[in-house]
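Going down the list, the protein sequences come from chains H and B. The first sequence begins at 1 in the working numbering and counts up one residue at a time. The second sequence begins at 1 in the working numbering and counts up one residue at a time.
Worth double-checking, as some hints may not be accurate.
Facing chain B, a subset of chain H residues (Cβ under 10 Å, in silico) [said to hold, decoys possible]:
#1 P70
#2 K107
#3 A150
To be clear, the hints were calculated from the coordinates, so they are not data collected in a lab. All residues carry an ideal CB built from backbone N, CA and C; glycine is no exception.
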Amino acid sequence: MLAVDGVSKRFGGLMAVDSATLSLHPGGIVGLIGPNGAGKTTLFSMISGFVAPTDGRIRFEGTDITAEEPHRRAERGIGRTFQIVQPFAGLTVCENIAVGAYLRHAKRADATAKARDVARRVGLGAELDRPAGRLTVAGRKRLELARALATEPKLLLLDEVLAGLNPSEIRDIIPVIRGIRDEGVTILMIEHVMQAVMNLCERVYVLAQGRMIAEGPPAVVCADTRVIEAYLGHGAADRLKAEGAAHG
Amino acid sequence: MTARDLIPIAVLTLLAALLPLVVTSSPVLNFLVFMLIVALGAQGWNILGGFGGQFSFGHAAFFGTGAYVTAILQLRYGVNAWAGLVLAVAAGAAVGWVIGFLSFRSGLRGSYFALVTLAFAEVFRILANAASFTGGAAGLLIKLDVHPANLQFADRAVFYWLVLALVAAVLLLTRWIQRSRFGAQLVAVRENEDAAKALGVNSLTVKLRAIALSGGVTALSGCLYAQYFLYIDANIAYGSWISVELLLAPIIGGVGTVFGPVVGALTLHGLGEVAKQFAGRIPGIDLIVFGGVLVLAVAFARGGILGLLERLRDRGRGMVTRGPKEVSHAGR
Ligand SMILES: Nc1ncnc2c1ncn2[C@@H]1O[C@H](COP(=O)(O)OP(=O)(O)OP(=O)(O)O)[C@@H](O)[C@H]1O
Ligand SMILES: [Mg+2]
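Please put together the full structure from these sequences, using the hints given.
Structure, rendered in structure tokens:
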């Protein structure tokens, strides 16, 4: 459904993403992990149309969308959340979500009904009339998710929706994400919380310094030498192995 | 739109319509008509600036276009005044669209957009002042020919009712915007353009529609101005005085609200008039009042007068409903 083919992004002298390739089939949750500054958010921005790639192609459901505007991609069914939350601070929670719902529902009554529905699903049902600017961190993360969900996406890009949440809040939101997948939405999620990645993702991609260095089931990928070294530095894998042998 | 949306507009319009039955003095009616014309123009500004968050410092560009288009069409081409009015609105919308296309497409926002609109208004003023087609510095005089077909009325009250009806129509238009998908998207663009785009909002189209509507409404007020006073020149029609008035009224009254521009225009001109009565011999006293009110609004009432009233009402309600809740909370 999504094919990212050799996509690169250069910011001045910095190669933020270096010919990354990724492909998604409909259904399921795929993770995108990697150390800080690896280029994960930049890759999301290219898929959703906010950053133009310097090289490479992006196809969605067989159509080349590399040059398309963000709003066109949203119409096609690509929804995204922002790592740094971007609420419409002056509007209520319900109004925030309704903006997303208006994409597929022209009438106010329908859009509002849809917004309420989505709010309840992500656990914002009690905060509908609150100004978005007054939500807690967890509330804002939920709002990001709710707005994207209200556009009724086929592909949902989640950029660290669990970051900044405490363990009990994470425990609350994981079933919500699983529920979205069960409805047939394909999810690509950037996540640092490994427990959640292990828990949710069937497959993960690992990006390090702009390059896609590994891909596969989370347990396999986490044991990959290149991945361990990307996170912990050169030689780390050997040290770990040696330590493991010493303890064993 | 529901009855609750429509009733306040209908009631206030009817009350205002009764005024000429009580007030018959010409200076007072002149004042009321002028104030309503400013309110109408300010309503136009509010669509773009209030709902869209795109602050224009140059709405004179639209006001002046409305005034000049109707005057020139009548004087040079013998076009009927009512047709002139319709074409003036269309011209204002077109000018708005063009200015919007040039600035929004190149990504201008905030103070850059404000400066570009100011520049457009100034260029129009200089051109209108120089070209003979627009009457140059001498301006244009619309021929006095009192007849309803010419949009000139023997009774000032009739013109008052006409302007009032148009103000009411734009109140309805604004209420509709507030309740529509277009309005939701426009406000979303104001609050956070990137987030809006991610939700499928075509921000360029939304802003272009807003500036075209805004330009059309403000051109309508310029056209009415020309038609009522029957004289315009570049400094009146494209002067920065009107740009300032059109932006001040909504800010004072309540930016991005339906009634804000009207309340603001009423307050500003009401106070200006009072000040003139008391200190008539000091030139520019009304401008001093404008400045003072603006300072007060910015310092103490960020949402304008309507925002202030709403906060006071919420506070009043809070005392009634929140009180017992807090007690029960403390009891737990
Ligand atoms: N607009 C930009 N201009 C210049 N450099 C940028 C820009 N956006 C990102 N970068 C740089 O590109 C690199 C990749 O950033 P990106 O935000 O994609 O990383 P990330 O993998 O999402 O990191 P994190 O886990 O911290 O969110 C970083 O070095 C960042 O500083
Ligand atoms: Mg990131």
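### Message
Next item in the hint list is K107(H). Is there a CB on chain B closer than 10 Å to its CB?
### Response
Given a least distance of 8 Å, the restraint on K107(H) holds.
### Query
Is the shortest C-beta separation between P70(H) and chain B less than 10 Å?
Holds: closest Cβ of chain B sits about 4 Å from P70(H), inside 10 Å.
### Message
Would the hint on A150(H) be counted as holding, given a Cβ-Cβ threshold of 10 Å to chain B?
### Response
holds (8 Å)
Every hint from the earlier list agrees with this structure, and none is contradicted.
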